[in-house]
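**Q** Listed below, chain by chain, are the residues.
2 protein chains.
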Amino acid sequence: MRLYWSPVELASRLARKGMRYNFASGAPDPGLLPIDELRRSFERVYEEYGKAIIAYPGAGGLRELRIELSRYVGRTLGINTNWRDIIITAGAQHAIKLLSQLLMRRRTTVYVEDPTFVETVAPMRFQGARLIGVPVDNEGMNTHELEKLIKKYGPGIVYAVPNCHNPTGVSLSMDRRKHLIEIAKEHGLIIIEDDPYTSLYPNTEPTLKSMSNDVIYVGTLSKVLGPGLRIGFVVVNGVLRNDLEKLEQHDFAASTLSQYLVYDMLRRGVANDVIKRARELYPRKLKELISALDEYLPNALMYRPHCGFYAFINTRVNAWELLRKSVRQGIVFVPGGRFFINRRLENTARLSIGSISIDLIKEGVKALSDIIMAT
Amino acid sequence: MRLYWSPVELASRLARKGMRYNFASGAPDPGLLPIDELRRSFERVYEEYGKAIIAYPGAGGLRELRIELSRYVGRTLGINTNWRDIIITAGAQHAIKLLSQLLMRRRTTVYVEDPTFVETVAPMRFQGARLIGVPVDNEGMNTHELEKLIKKYGPGIVYAVPNCHNPTGVSLSMDRRKHLIEIAKEHGLIIIEDDPYTSLYPNTEPTLKSMSNDVIYVGTLSKVLGPGLRIGFVVVNGVLRNDLEKLEQHDFAASTLSQYLVYDMLRRGVANDVIKRARELYPRKLKELISALDEYLPNALMYRPHCGFYAFINTRVNAWELLRKSVRQGIVFVPGGRFFINRRLENTARLSIGSISIDLIKEGVKALSDIIMAT
Numbered sequence: 001m002r003l004y005w006s007p008v009e010l011a012s013r014l015a016r017k018g019m020r021y022n023f024a025s026g027a028p029d030p031g032l033l034p035i036d037e038l039r040r041s042f043e044r045v046y047e048e049y050g051k052a053i054i055a056y057p058g059a060g061g062l063r064e065l066r067i068e069l070s071r072y073v074g075r076t077l078g079i080n081t082n083w084r085d086i087i088i089t090a091g092a093q094h095a096i097k098l099l100s101q102l103l104m105r106r107r108t109t110v111y112v113e114d115p116t117f118v119e120t121v122a123p124m125r126f127q128g129a130r131l132i133g134v135p136v137d138n139e140g141m142n143t144h145e146l147e148k149l150i151k152k153y154g155p156g157i158v159y160a161v162p163n164c165h166n167p168t169g170v171s172l173s174m175d176r177r178k179h180l181i182e183i184a185k186e187h188g189l190i191i192i193e194d195d196p197y198t199s200l201y202p203n204t205e206p207t208l209k210s211m212s213n214d215v216i217y218v219g220t221l222s223k224v225l226g227p228g229l230r231i232g233f234v235v236v237n238g239v240l241r242n243d244l245e246k247l248e249q250h251d252f253a254a255s256t257l258s259q260y261l262v263y264d265m266l267r268r269g270v271a272n273d274v275i276k277r278a279r280e281l282y283p284r285k286l287k288e289l290i291s292a293l294d295e296y297l298p299n300a301l302m303y304r305p306h307c308g309f310y311a312f313i314n315t316r317v318n319a320w321e322l323l324r325k326s327v328r329q330g331i332v333f334v335p336g337g338r339f340f341i342n343r344r345l346e347n348t349a350r351l352s353i354g355s356i357s358i359d360l361i362k363e364g365v366k367a368l369s370d371i372i373m374a375t
Numbered sequence: 001m002r003l004y005w006s007p008v009e010l011a012s013r014l015a016r017k018g019m020r021y022n023f024a025s026g027a028p029d030p031g032l033l034p035i036d037e038l039r040r041s042f043e044r045v046y047e048e049y050g051k052a053i054i055a056y057p058g059a060g061g062l063r064e065l066r067i068e069l070s071r072y073v074g075r076t077l078g079i080n081t082n083w084r085d086i087i088i089t090a091g092a093q094h095a096i097k098l099l100s101q102l103l104m105r106r107r108t109t110v111y112v113e114d115p116t117f118v119e120t121v122a123p124m125r126f127q128g129a130r131l132i133g134v135p136v137d138n139e140g141m142n143t144h145e146l147e148k149l150i151k152k153y154g155p156g157i158v159y160a161v162p163n164c165h166n167p168t169g170v171s172l173s174m175d176r177r178k179h180l181i182e183i184a185k186e187h188g189l190i191i192i193e194d195d196p197y198t199s200l201y202p203n204t205e206p207t208l209k210s211m212s213n214d215v216i217y218v219g220t221l222s223k224v225l226g227p228g229l230r231i232g233f234v235v236v237n238g239v240l241r242n243d244l245e246k247l248e249q250h251d252f253a254a255s256t257l258s259q260y261l262v263y264d265m266l267r268r269g270v271a272n273d274v275i276k277r278a279r280e281l282y283p284r285k286l287k288e289l290i291s292a293l294d295e296y297l298p299n300a301l302m303y304r305p306h307c308g309f310y311a312f313i314n315t316r317v318n319a320w321e322l323l324r325k326s327v328r329q330g331i332v333f334v335p336g337g338r339f340f341i342n343r344r345l346e347n348t349a350r351l352s353i354g355s356i357s358i359d360l361i362k363e364g365v366k367a368l369s370d371i372i373m374a375t
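In the order they appear, the protein sequences are chains A and B. Using the numbering used here, you'd call the opening residue of the first sequence number 1 and step up by one each time. Using the numbering used here, you'd call the opening residue of the second sequence number 1 and step up by one each time.
So here's chain A without its partners, still in its complex pose (with noise of 0.2 angstroms):
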């Protein structure tokens, strides 16, 4: 049995309450979340639909809200597509979830960048399949490594968070996005293509999505229109399309309730207006944190972040030890040894601009910095 706390979850219950400095969560910027908004469509969607807000939901998910994620993908990442290709899910984790159990037995080889997002990858583990790191630069994932593993290693499935990375913050090259679709149709690869940050910049690299529709796209509103909805969506065709509608109804966890929610937000432009300002204070807070550790942990960055909410360090001593440390101070941060695939550099921290203010982020960075210097 290969199940584990995640960092992420353990990170956050060494701190609970009264941090000052959150640079643990990748929840969304508190400012942002639309709660007003919510508010407003629930009323909408009492009025207009009464009781059938709570009544079962649908095999894959209630249509008018696949009709508008349609819109939404097409707007918002250039992915066209039917809205009959769209499978809502309860979450992109839920997504991810779903297509390991479709996807991966016992050994089956998973190309994955390393470091990774090690809550994703859980499912992929707990299904027993084989995860083959590739390593990552500035670049993203480097597709030469890649060819060269699947020499050794043959065919299989390549999960990737192309854009805005999650540990690292960086983004694929547009050369790597082509040889990495080539490589695909060469071996006969599935690609998942893991997205929740994309919409949140601009002038972000086109999906791969975009370029190939072979790829699986997950796509979540939880960045957007809040995390505890929990909707997220699978854009897929074909048979694995329909294996994955079946698959879920196993489970059918995704609230028809939020589904309406999420479907009136989307037609009245409010996860417009929320990208909108995301796109504005999103890259001014990554440029803080990014300024604050150039300024107060000069070379600790491993990565330079492109985009996304994450800036992945070296922290010269034991994570673990130093959140302990940090803690006390008011500060948290998720330890990155379990991100790593191959060899676990323990000495590495995640560190999120997703919910901590941007007023925080200096000030934060250097009181890491005061603890990790009497260390």
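It should be emphasised that the hints constitute simulated quantities derived from the structure, not laboratory data. Take every hint as true, because none was put in to throw you off.
One copy or any two copies: either way a pair holds, since identical chains are not told apart in the list.
Result set (BS3-like, lysine-lysine): computed pairs, CA atoms no more than 30 angstroms apart in a straight line:
hint: 1; residue 1: Lys178; residue 2: Lys151
hint: 2; residue 1: Lys152; residue 2: Lys178
hint: 3; residue 1: Lys362; residue 2: Lys51
hint: 4; residue 1: Lys285; residue 2: Lys325
hint: 5; residue 1: Lys51; residue 2: Lys276
hint: 6; residue 1: Lys287; residue 2: Lys51
Once you've looked at the hints, dock chain B against the given chain A.
**A** Only chain B this time, still in chain A's reference frame:
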């Protein structure tokens, strides 16, 4: 790959809108759904908790909800438990899927009532479990037959709906309850008790969980507060509890908003009020169905329903063909063949009193009988 559409889904697709006599749906009576109280609860949790209602859900579920649920299961179901042993899931179906993933592998032996609920065994089949059907009569699962089967197939897991069985409506007799718990102790069986209907009827038999703390109990708020909220729960202790909590993190599918709403409706006594009205309404509906069957389709009932939503009948003709004809007359039900484990009886059907209006039950059964007679 063992993926198939549930006949419940297929029947409701055949039917879609405008069915006057809906005997297919397992949804609760629309008249009992507390939609206005839900609206009130939304306002209350919005005022009291603000943005926390759409934050990431915590592992195991919202603490406040788990505490309220521990009171609810004590009061309503005779189950005494610490709130820490209650794990929130995105509905009971999600709970059973998680338990299947946790406990079942290829060729794991799982004893189930025959017939059993086709949707809950789907994730077990997907895991590759070997389902062994145990005959059901008017006293529920025949535990003497179970004993014989264990001699043949060895120890394993028992999945059962002891109260208000789906699809037969029977309840396990007290003697057999005791016997089942004895057998489980003797052979080291794990019992999963699936229990969506007990709280809706007065004077039901005690839950297995209230008789033996080793039982894994699966409960839901779907039939009381609305299936579209997707809130269920598992009462389980020890190592299994810890593993389930970790496995649940592979999707953390239960909406935070739904958890707050259910919590508020529990603490305000909304669930209790619904249960009070349910205990008056559903027994009358079930009685109406039975007397209509006795009048218009004598000898069709294959079991005497005791409580819950369902009656299981011999249709004398192929039930899928009958369904196609019935739909044209505005009648929909679920053909029974797929509910069987051993010999599929295709001339059977599950009739539900869940969402059909009590005033239409007699008329609907008469119309169905006319179609059968004319076939």
